[in-house]
Amino acid sequence: MTPILELINIRVGYGQSVVLQDVSLNLREGEIVCLLGANGAGKTTTTRVVSGLLAPWAGEIRYAGENIATVPAHKRVELGICLSPEGRQVFPNFSVYENLLLGSFSKKARLRRTEMFDEVYGLFPRLAERRKQKAGLMSGGEQQMLAIGRALMGCPKLLMLDEPSLGLGPKIIIDVYEAVASIAKRGLSILFVEQNVQAALMIAHRGYVLANGHIAAEGTSAELRSSPLVQEAFLGKKPSRQDLSEVHRA
Amino acid sequence: MDLLPQVFSDALLLAGLYTLMAVGLSLGFGVLRIINFAQGEMIMLGAYGAFWGLTLLGVDPIISLPVLVVAGFALGWLIFRGFVAKVLDAPHINQILLTFGLALAIQHIAIILWSGNARSATTAYATESAFVGDVLVVYSRLIAFAIATIMVVALIAWLRWSETGRATRAVAENRAAAALMGIDVDRIYAMSFGVSCALSVATGVVVSFILTITPFMGFPMLIKSIAIVILGGLGSIAGTVIGAFVLAFSETFVSYYVPDGAGWAEGIAFLLIIGILILRPRGILGQTVET
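As you go down the protein sequences, you meet chains E and S in turn.
Counting with our numbering, you get residues 1 to 250 for the letters of the first sequence.
Counting with our numbering, you get residues 1001 to 1291 for the letters of the second sequence.
In isolation and in its complexed conformation, chain E is listed as follows (with noise of 0.2 Å):
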């Protein structure tokens, strides 16, 4: 079967500074797959490459088998795919209700907005109780609600989230992961970027770590759970001598 994502020796950058050097993932359908890395590896960027706000130097995108790098970000919003970015990114003055119909703009999701709303609100009550509020003057967690929920609105068949549990107090987090988890369900295919590792290998199926603009390691999360390169850089576990040659090996 084809699969849903796949990049292929991705390379890009700001300006002179290069940040992916040669980056290849790929995601199957109905896969919940998170990207590990510390700051600057490259997660958001990849994120942003992928909802085409960033234009790849080489390499392709490949999105239900066909090659989007040219597809402007707009367009791709229309075939499926929607992120909640990187800092949330709502809109501030805007109301909870007016930012989750700006996130169901594109003409396929207008149809679907009614049924789409009911789901949003019942995923996260809260924005409902909110939905006349101004975006901006809500916290954190409400704020990342609202990103994710307005990501959902635009009816995505791949969702990406870049950093969900940032900046969100442990219970929350634990509220927008079991949101995660129960969009999951549905079938979506999820990518999303994570700093927090423990929380994100518990609801991935599989995981890719960035390193410098690489792919550093990838495998099931059981398997990275137990790989000493995600446990030295991410768990805070020191690494024995024996774990430490290998990571030299690798």
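Check the hints yourself; a few may be wrong.
Stated by the list, open to error - Here are the simulated distance ranges between beta carbons: (1) W57/E with R1119/S: 53 to 61 Å; (2) K1086/S with Q16/E: 18 to 26 Å; (3) L1277/S with R28/E: 53 to 61 Å; (4) N39/E with E1163/S: 34 to 42 Å; (5) I174/E with G1275/S: 47 to 55 Å; (6) D1089/S with N93/E: 19 to 27 Å; (7) D118/E with E1163/S: 17 to 25 Å.
Said to hold, decoys possible - Chain S stretches covered by chain E per the calculated footprint, using a threshold of three residues with CB under 8 Å from any CB of chain E: (8) 1162-1175; (9) 1182-1190.
As the list claims (entries may be wrong) - In silico negatives: residues of chain E with every beta carbon more than 10 Å from chain S: (10) Q21; (11) G40; (12) A179; (13) A181.
To be clear, the hints were calculated from the coordinates, so they are not data collected in a lab.
Keep in mind the model is a prediction, meaning the values are calculated, not measured.
C-beta atoms are modelled at their ideal positions from N, C-alpha and C, and glycine is treated no differently.
The hints should help you fit chain S onto chain E, whose structure is shown.
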């Protein structure tokens, strides 16, 4: 006789006109973050369009208004695609020089085509007036106020409730996030520029039967528009309405109550620009913008 009702009526009618005059500039800046110095020339073109429609074809400016507004939109769209789109990400000084250059070019084309002679569109209602109680109402001003109000209300309703209007506001707030909503940002830019030019053309049509028409009429109106927009806060439509009322009321009050006030009134716009830039640079309702 008590002057105050007359002063209020004059100021109110002028405020409506000023709102229409400045709202195009405000919309253009709010969405594109570019001050279009050719906005005054759009007013001038609108006035000439109305004048020639009346003189050559015998069509009343009110009748030719819809056609001219559509033409203004098309012209704005073309100017955006041909010129402004090229400097969107350029430094502000490039953008200013470009639109300023366009203004000069349009002005001089007007001089070549129509000469520098002053003209006026003399409609049947241009000189009519009536007393309402003690207040003298000039029909042409009343008609101008009515048209301005209808257009500004329509603009606000469109921005507030239509699908495209909402998208336009979203682009003004955050263009990358807007693109992620599936909004074609380039199209919204071209359209906003077109709408903003169309509003200025409408202003020109409306003033054609109030003011003298010359190729140079646009510049003073641009300066006043800039004063209004800075006063209200760049990019805020509600602020623009407030700014227009402040300018109209202060000008009217000065011209009535200050000796030789009619001359002084024209300088108030400058005074307001200087005052607001010193006291509250972001304007009454404006938000700070990072550049």
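Tested hints:
1. W57/E with R1119/S: 53 to 61 Å: For R1119/S against W57/E, whose Cβ atoms are near 57 Å apart, the range 53 to 61 Å holds.
2. K1086/S with Q16/E: 18 to 26 Å: Since K1086/S and Q16/E have Cβ atoms about 23 Å apart, the given range 18 to 26 Å holds.
3. L1277/S with R28/E: 53 to 61 Å: 58 Å, holds
4. N39/E with E1163/S: 34 to 42 Å: Given a distance of about 38 Å, which is inside 34 to 42 Å, the answer is holds.
5. I174/E with G1275/S: 47 to 55 Å: Distance hint for I174/E, G1275/S holds at roughly 54 Å.
6. D1089/S with N93/E: 19 to 27 Å: For N93/E against D1089/S, whose Cβ atoms are near 24 Å apart, the range 19 to 27 Å holds.
7. D118/E with E1163/S: 17 to 25 Å: 20 Å Cβ-Cβ, so the 17 to 25 Å window holds.
8. 1162-1175: holds (count 7)
9. 1182-1190: holds (count 4)
10. Q21: With a cut-off of 10 Å, Q21/E remains clear of chain S, as the shortest Cβ separation is near 24 Å.
11. G40: 20 Å, holds
12. A179: 19 Å, holds
13. A181: 23 Å, holds
Going down the numbered hints, you'll see the structure goes against none, and every one checks out.
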